[in-house]
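Enquirer: So the chains spell out like this:
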Amino acid sequence: MNDTGLEMGPRSLDSSVAEFVQENESYYSRQFEKIQGTTGFALSWNSMAALFGPLWGAFRGAWGFFWSFLVLELFALVQIGRGLWGELGAEQMARYEKMLVNIAKREEQARELIAAGNQADADAKLKIASNLKRVAAEAKEKADLASNEALSILVTGLILFAVIKVLEGFLANRTYEKQYLNWRANPTIQSGVNKMSALFGGFLIIAIWPLTLFRFTVSDPDKKLSALTGGFIGDRIPITEFPVNREYFAILAKKGDAGFDWLAINFNHVFKGITAGIRSVLDGLEIILIDTPWPVVMIVIVVMALRLAGPRVAIFTAASLAYLAFMGLWKISMITVALIGAGAALCIIIGIPLGIWFGKSKRAYSFAEPILDFMQTMPAFVYLIPIIAFFGTGKPPGVLATLIFAMPPVIRLTALGMRGVPESTKEAATAFGCSKWQLLTNVELPLAMPSIMTGINQTILMSLSMVVIASLIGAEGLGALILEALQYAAKGQGLLGGLAILLCAMVIDRIAQGMYRRKVSGV
Amino acid sequence: MSEDVITLKNVWKIFGDRAEEAMRAVESRGLTKPEVLKEFACVVGIADCSFSVRRGEIFCVMGLSGSGKSTMVRHLNRLIEPTSGEISVLGKDVLALNNQQLREMRANHLGMVFQHMALLPHRTVRDNVGFPLQVRGEPKSVRWEVSQRCLNMVNLDGYEDRFPRELSGGMQQRVGLARALASDPEVLLMDEPFSALDPLIRRQLQDQFMALSAELNKTTVFITHDLDEAIRIGNRIAIMKDGRIVQIGTPEQIVTEPADDYVRDFVEGISKLKLVFAHSIMEPIDSYQLEAGDDLAQSPRASHGTDLDQLIDIATTTSHPIIIQDDDGQDVGVISKSRLLKGIQGGKA
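As given, the protein sequences belong to chains A and B, one line each in that order.
Counting from 0, one number per residue, gives the positions in the first sequence under numbering that gives the first Met the number 0.
Counting from 0, one number per residue, gives the positions in the second sequence under numbering that gives the first Met the number 0.
Here chain B stands alone, though its shape is the one from the complex (with noise of 0.2 Å):
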């Protein structure tokens, strides 16, 4: 279950002429990104990433535009070349691949969907769902039969014979989606896929996408600008600013530890209530005993996963603490009305 697919060690990608020359100056003398621009003219793109990805996770990377996310997902299929560091994807040392190799890696074993969607104007949806099949050299009877199932996988069939400039922008993402699953890849990798849309538009299509990837199952990396949409879609996620990651985590971890302020601004604004469960606003019973006195009989009880969101439907039901049991149905814990709502402004009491 928890097998690494892709995994990232200490990359680097520095843009320039003189990149080598920075990147020794950078391992021998430790320079910051500002230091490598004045003294070579060089932008780091990214500064020492370090991840792995597991086997059918969604894993979300997040950060603003320029913090190096889309350049540090074309490295996984060399669409970029890092300036050092080790890549590996589905056990293989992407790095050694020749071109040939390469070649086979992207067009069987990974997906890709562009922002942009990135579609060929002078293809049908048809066509272009297929292309990556033609690229593999299979007959047009098969590229059909697979676009086709992919198309109704995005609930697109009946519009193969379109161009895509006939079809609105999230329809056009669909058929890159529908195109990326075309080669049945074991990866996605999703640059940015709904950043173009519009807010509803975009909802729409991250439930699909969620639903689909319920089904499917498949190992994705999942680049993104938005939080909101990290926390919605994403297993674990990742953070950068300036090319470094700041933070990996769950989304609870991210919104309840945030590493440091950079992070935390973030998550200012996010809504906890789906996010922080009551183990972790919860009190020992013994203390709450101590301070508050045995009023416990007519407690309800809740189980250690039950969300802010779930917990505050309980409260209102009654006027007792609420009593968190694990999952032996042991009680561990107690969470009372003003501890809740501690625990709904700040995340952690």
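Just chain A, same shape as in the assembly (with noise of 0.2 Å):
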């Protein structure tokens, strides 16, 4: 038991914090004493963490000690370094030198054109000259002025270095108290000292300091460890930026552009019939939308909100398609609500059994999630290439658009509500002889039914959110209005026809929210 620390007992805590820290045992076990018995900050100094630094950090196993230290101690030398050789203010006096030249240039010029009689050209080129020359006494100055910064830089630099000296040796055994706390808790956390952890602290600070010193300390770093190592490094391999230009991505896009071709001409068939599926639907929906005659469609969608979600939401709906219809929109509203609900509706059709399963199987949705993620993070217009690539311009190809980007969230809300059924009441459904099916419908669908509306409800805002970005790619309605309004810059249609989409976009929320309250309060 001794060996997790567990018992209590003055005894076996000096015996644990012996073992943790292996070497040191008495001046670490009469610190750690020291520590624990003061409120607030306990003076306890650790000579060997101050003179060492970062080193003891990786020697101890300390490693947060290590990277604060290592990084803190860096500064300050690139601070030291600076104060002490480096060429501070060389780019102004770079750009004064530069200056010069093209002074003397145009001065010279001047010269041959007052010799070639030519007077106004030569005033001209004269009143750049002593343009510039004005601009590079400032560049000039501010060059003598930044070598002057050297002294009171490397005096910064120092005195940092001697605070975080300090820092570090008072800080190392209060560090090291709270690691043999949590190693106390979890054992295997480092404990004792280690040569090999202590060597591989070792590399990372031979690593990281010398070039980071270089780099911020010296003036055109490439150039001169080239000339420093023969051209190796700094010609060779650059540290200022990563020796590679675009071959690889060059190489891999058109392999890429291969394979969506490929894949384009072989399964030509197979994208016809999807984009034949979603016309299909579509044709229906804007049938229904926009060839019945409008007074029919207002009056159903009011009764609809009134039934649904009670007068105050049913006049706001006909209020909104007042505004609709009386600002021309009507017609293309309609096509947008026929987007949104053919998307909408097939994100269900397909959303909810895919739900199912992953709310039953863990194995299918553990594969499945990062895909999901994938769809939701993916930036449309990544996806939107493709799509053109596969099904061409126009309504299916938005509704796809609109498919990957708004069937996640019903996915996920089905598979979470039936994770959600609790266990007792599917086991006291199969105790009474229920069939998986009996199960599914009877007991777990309509448990998992509040869950599922809202991933509808979310689908259907999410696919309205889509509407402008599938206009792109040649569909029409409201974002397509909006899309024009911005090509022109049209600002009062373009917030007219945003207006539009928000309308249409509140009143199906509205209506969405108001079925699944009437879903959730009872049947």
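Just so you know, not all the hints are guaranteed correct.
As the list claims (entries may be wrong) - Below are the DSS-like pairs computed for lysine-lysine, each with C-alpha atoms no more than 25 Å apart in a straight line:
| # | chain 1 | residue 1 | chain 2 | residue 2 |
| --- | --- | --- | --- | --- |
| 1 | B | LYS91 | B | LYS217 |
| 2 | B | LYS139 | A | LYS435 |
| 3 | A | LYS141 | A | LYS97 |
| 4 | A | LYS104 | A | LYS124 |
| 5 | A | LYS425 | A | LYS435 |
| 6 | A | LYS222 | A | LYS97 |
| 7 | A | LYS141 | A | LYS104 |
| 8 | A | LYS425 | B | LYS37 |
| 9 | B | LYS217 | A | LYS435 |
As the list claims (entries may be wrong) - Here chain B is said to cover these stretches of chain A; the calculated rule only asks that three of the stretch's residues, wherever they fall, bring their Cβ under 8 Å from a Cβ of chain B:
| # | segment |
| --- | --- |
| 10 | 123-137 |
| 11 | 419-427 |
Unchecked claim - Pairwise CB distance ranges, derived in the manner of DEER restraints:
| # | chain 1 | residue 1 | chain 2 | residue 2 | range |
| --- | --- | --- | --- | --- | --- |
| 12 | B | SER167 | A | ASP282 | 26 to 36 Å |
| 13 | A | LEU180 | B | PRO33 | 23 to 33 Å |
| 14 | B | ARG53 | A | GLU422 | 47 to 57 Å |
Read the hints as simulated data drawn from the structure, not as lab findings.
Glycine included, every Cβ here is placed at the ideal spot set by N, Cα and C.
Reassemble the complex: the two chains are provided individually, in unrelated frames, and hints are given to aid placement.
Expert: Structure, rendered in structure tokens:
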């Protein structure tokens, strides 16, 4: 039991400290006792830590200490380096010299022009030259100022370094005591002293410090490095940027092009079939929403709002429809709604069964989860390209783009709802002889319904947000109106179109929420 | 009368990925529960359980949480598959049933009541009670009629159109009981049905259940962690510990002859007045007369099945020892005052 330090009493505490620190036990147990016996800041000085800094941290496995002071010391060292040998103001100096050359050139040209008798042009050249001289003087001034700062930078760096050392000395034992407490709870945390990890820490310091110091204290580090290393580092392997151009990228991009082309040609009929399927759903909805006389559609929508969500939503719906109608946006609004409707319907038809499957099978879900994340986080423009390649432009590809973006919520929330069905309820149903299908339809789906309804609602709203993007690949509707406004910077048109989309979204959302509330508050 | 409805033989259940392996190791090497956990990372849920339940009997399984009692009852309708052993219910080998037969068995012959009711929240009380019948494919008219009758049985008529959430816990559990009775099963499995209820409601439901049980005469396996409840309800009691059955017996046997210290600890606080009967504390007339001389002339007489409670009543009316008779009216023994007191104290003189 002693090895985990679980036994109480001062003796076992001591022995576990000894086991933790391995070397210098008496020193550390005294220091730990001091820290544990003090409220507030305990003055506990560790000379080794102050002397070796990050290396001490690596040796003792205090990696937080190691990294913090690696960076801090490096910062102080850079200041010292800049103060000692840094060519401060070198950039300004180079600029100044370049300008001097330039001025000389202008003056030379002016002299030639005077010799040729062209006084006017010569005056212009001289004027440029005198302007340049003023700028050059400024640059010179800045450069001088910077090189005068060297001493103060050096002093600052030295003070900083000293402060860091003091901090190291005082913080080391506190950090180490915390690590000890963590180790008591979790024995896998590094304890004792370890030469290998000290070696590793040394390696990290060697890998990080010199190059960084060089980069920040020397002007034009690549050239100087290449002079130092005989053209290997700095010339063939520059340190200021990664030595690769876009050659690999270009090759892969070309391969990608070829792959897409191959798919587009060889699976043409599949893509055609999908397009036809989506189009048939879309056509059906458009007949209902557009070809049906507008009074009928309006009445049905308002009555639906009244029955499902109450009188207030119904009034809001009527006002919204009036806005759409009087702005002359009725038809394209209905096209948009048909687009969303088709998208949402397909999302639900495909998404709910998938959600059920993922809810039941953990393995399938863990497989699908990254794909769903991918569908939601991938910028729409990225998948618009292959969609155009495979499905062309127009409304069906627009619906497809909507599907990719809007399907994940209904899948996720269906799966969530399915997993939220209490195991005991399922067990009870099974105990009464339910088959799997009976369990699904009588128990799991009804209990998951609130979650599923939330998913459907989210899917509808996300479809709406895709309207403008879908218009990029030729889907008509309100999105196209806004896209047009964007292209011609037509502010008024954009505003009115945006408001129309907002109203559509709110009407659909309110009606859907009303349905959902009715469902939740009892069938 | 004493036909066995449920029989378990050497049933084992080991949970874990390497259950089969662990089972073989248990069989060949006789590993204990902690050894199995250490070696195979498997948990022994049920260890070598055998018992049988007779027709019409209420068989209580008593144990603390984690003793495997709920796991055991789930073996009877195969909600949990045993790792090894034989289980037969109503003369059928449960483990040999295919899915279809198993569902048919559950739907027609086994009713179950759960600790947490597990009612369907989106259905009315009526549709909850009718659910087992719906599963069986009965038409709505039958379902409604049966659920009405079952709700009457548990005194819940008038609540048919309520939703479970509108009912109190005790009422919900009565709905659970009505649901279990709806398919008119031969066997009732009750998994701590009253444990989640407060003591007053629990007692009411126990009474109601016992009355119903006497009327319907269903074979019942009743799981509980409450020994008082087990003694009150059970015809026989099995006491479980760590997946094993420690003792099976009538309430009297459990109280008066605890099989080991574990059971003895349990029965310590149980009142023996109604559980211990005259025949187990009386002494033969001859030896009594040898010790105390003959003063039995004015002694009252009582049957050998009289419990301690009644014996105390008799003893307070007389200063003489009580003569105990057998079923045929023969004097078979004597209980003196001191013997009676000893009996109250220890259950057994």
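Enquirer: The structure should be examined with respect to each hint, and the outcome stated for every one.
Expert: Comparing the hints with the structure gives:
1. B:LYS91 / B:LYS217: holds, 18 Å
2. B:LYS139 / A:LYS435: Holds, at roughly 21 Å.
3. A:LYS141 / A:LYS97: The hint holds at about 15 Å.
4. A:LYS104 / A:LYS124: holds, 10 Å
5. A:LYS425 / A:LYS435: Judged against 25 Å, a Cα distance of about 10 Å means the pair holds.
6. A:LYS222 / A:LYS97: holds, 19 Å
7. A:LYS141 / A:LYS104: holds, 23 Å
8. A:LYS425 / B:LYS37: violated, 32 Å
9. B:LYS217 / A:LYS435: Judged against 25 Å, a Cα distance of about 29 Å means the pair is violated.
10. 123-137: violated (count 0)
11. 419-427: holds (count 5)
12. B:SER167 / A:ASP282: 26 to 36 Å: Taking Cβ atoms as reference, SER167 of chain B and ASP282 of chain A lie about 55 Å apart, which means the hint is violated.
13. A:LEU180 / B:PRO33: 23 to 33 Å: holds, 31 Å
14. B:ARG53 / A:GLU422: 47 to 57 Å: violated, 33 Å
Of the hints listed earlier, those the structure fails to meet are numbers 8, 9, 10, 12, 14, in rising order.
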